[in-house]
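Colleague: Quick mapping for you: the protein sequence lines, in order, are chains A and B.
Numbers 0 to 319, taken from numbering that gives the first Met the number 0, label the letters of the first sequence in order.
Numbers 0 to 319, taken from numbering that gives the first Met the number 0, label the letters of the second sequence in order.
Hints in this document: simulated from the structure, not taken from any laboratory.
A pair counts as met if it fits within one copy or between any two copies, since identical chains are not told apart.
Using 27 Å as the maximum straight-line C-alpha spacing, the simulated DSS-like pairs for lysine-lysine come out as follows: (1) Lys163 x Lys295; (2) Lys255 x Lys126; (3) Lys295 x Lys54.
There are 2 protein chains.
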Amino acid sequence: MAVYTDVSDEDLHQFLAAYDIGTLLAYKGIAEGVENSNFLLHTTAGFFILTLYEKRVAAEDLPFFLNLIEHLAARGLTCPQPVRSRVGEALGQLVSRPAAIFTFLDGMWIRRPNVAHCGAVGDALAKLHLAGADFGMRRRNRLSVAGWRSLFDTAGGRADTVYKGLGQTISCELSLLEHEWPRDLPQGVIHADLFPDNVFFLGERVSGLIDFYFACTDALAYDVAICLNAWCFEPDHSYNITKGRALLRSYMRTRKLTPHEIAVMPTLCRGAALRFLLTRLVDWLEVPPGALVKPKDPLEYYRKLRFHQANMSARDYGID
Amino acid sequence: MAVYTDVSDEDLHQFLAAYDIGTLLAYKGIAEGVENSNFLLHTTAGFFILTLYEKRVAAEDLPFFLNLIEHLAARGLTCPQPVRSRVGEALGQLVSRPAAIFTFLDGMWIRRPNVAHCGAVGDALAKLHLAGADFGMRRRNRLSVAGWRSLFDTAGGRADTVYKGLGQTISCELSLLEHEWPRDLPQGVIHADLFPDNVFFLGERVSGLIDFYFACTDALAYDVAICLNAWCFEPDHSYNITKGRALLRSYMRTRKLTPHEIAVMPTLCRGAALRFLLTRLVDWLEVPPGALVKPKDPLEYYRKLRFHQANMSARDYGID
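In isolation and in its complexed conformation, chain A is listed as follows (with noise of 0.2 Å):
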């Protein structure tokens, strides 16, 4: 949950007054996202997303997000999108803070995803990858196998004080990883973060991808394995090989992984499984003891990790 900043009605209301969008009736801060302060807007011309941009998002990056979704869009793919001022810009100033007006967009995330809904996320997947071919812009994925040995260095020292032998088994995994990481994949726009919070459904249908802010130009394989550890997991920790077939087939429906894809795609779980728990025991470790909001648990990630350990090919995942 998260509203960082407070926002006056003085302040919005001053806002607003750049965007034809009506008169402000309500505005009410919205318990979503870890990055940003987001708000809901009532105005005389609907319901929109007020969105503050906290320092974890770099405002350079900004320009590269707001294209992308529109971008995505105009190729059929369903995202919030920007509203553009009277003079056209996507991006304001609230607050000292960079902030934008987005669509609403319906739909709900599923706490509990089932078989369908992995095929269904699979699909929305490849559909992205698909519409982000021509996209113009460039960013480099900081949270690829070069960022991991720095939030190693950050945290890796108190590692064993989240659980015992957790900071030797990270060493050996990166330093593997940093040796066989594959760099001859297809490259193009990635989620990366496609979590069930960020992939709104009506029924078993997609209605919405949300929360482009990890988006960056990586492998595209990487992502699936981003989404084979968010999805096809059961709360036990076990892999769900049912769920993963459906993710996995779905996808290759609409975007044929090529067989160097397939054939590294336990790599890339494993890289993607590291990157969790990394970020996940860096935040950990930051968060001063008895606070109220918990950060999540690292420790889901390391058990992924061990299930992908064992792996030999991409069998083991789904594909046959």
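Got chain A; can you put chain B on it based on the hints?
Modeller: Leaving out everything else, chain B in the frame of chain A:
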């Protein structure tokens, strides 16, 4: 900000089946309210607020609150109305908690109220008191003078860790108020928590009142004293008599204060300040050090109490 309980899409669908408000299209946790979990619902019938009552609200009090807001609305006051289920129930059960759906109320709360806003709230408060006059249910005010000593017993011993001498100040004030508290004032339904975040405005017009979860049967003039504390001080803790005069005059145009109510206004204001000083002190001392959610500053009400202690008559508040 508050979402204490997450609600799954499956649980919510099942809950909504008992209501005639169309198909669910979206729901989002709202960062408002400190006692309950609140969600915005979008259905094919429009926008609604879903409230889950957490343990700070006593389940046996809910019929009082829900019947009261229906009673007030029937007499022309605007406040969010409970949506009754197909079988006529205002109260349901969701994630093992009492839960209710309310109509969506437009308007915004004012972060920096001006004189006109203070006048408008005085008028709204008087209308609330008149509309509540024939309400048939009663609820004791657990946070009036009879309830303060037990709060002091909880927190008084640690008061000086917040501010040196605070324990002694509260102890003397409490003894004095227990002795001098006026007990023969006109009684009725009071809101008891009509702070700026519970009054919605569209422009300088009140669009509605919210959050009746402290409402009870008590002295009407005590509600006026709570509002003087909540609306008529500046950020530097000085009393703004122009705002006080505007609030009191507007109130008295709709409901005349009796000479006795006017005479005891300084005592009522001291009591109101002590009540919020005590509850904030308890909350302050209960929060673990380093927590991300900061409770409200109890010393704001210590300073207001100091102001009231120096006052001799209602003239000091702006009553001519």
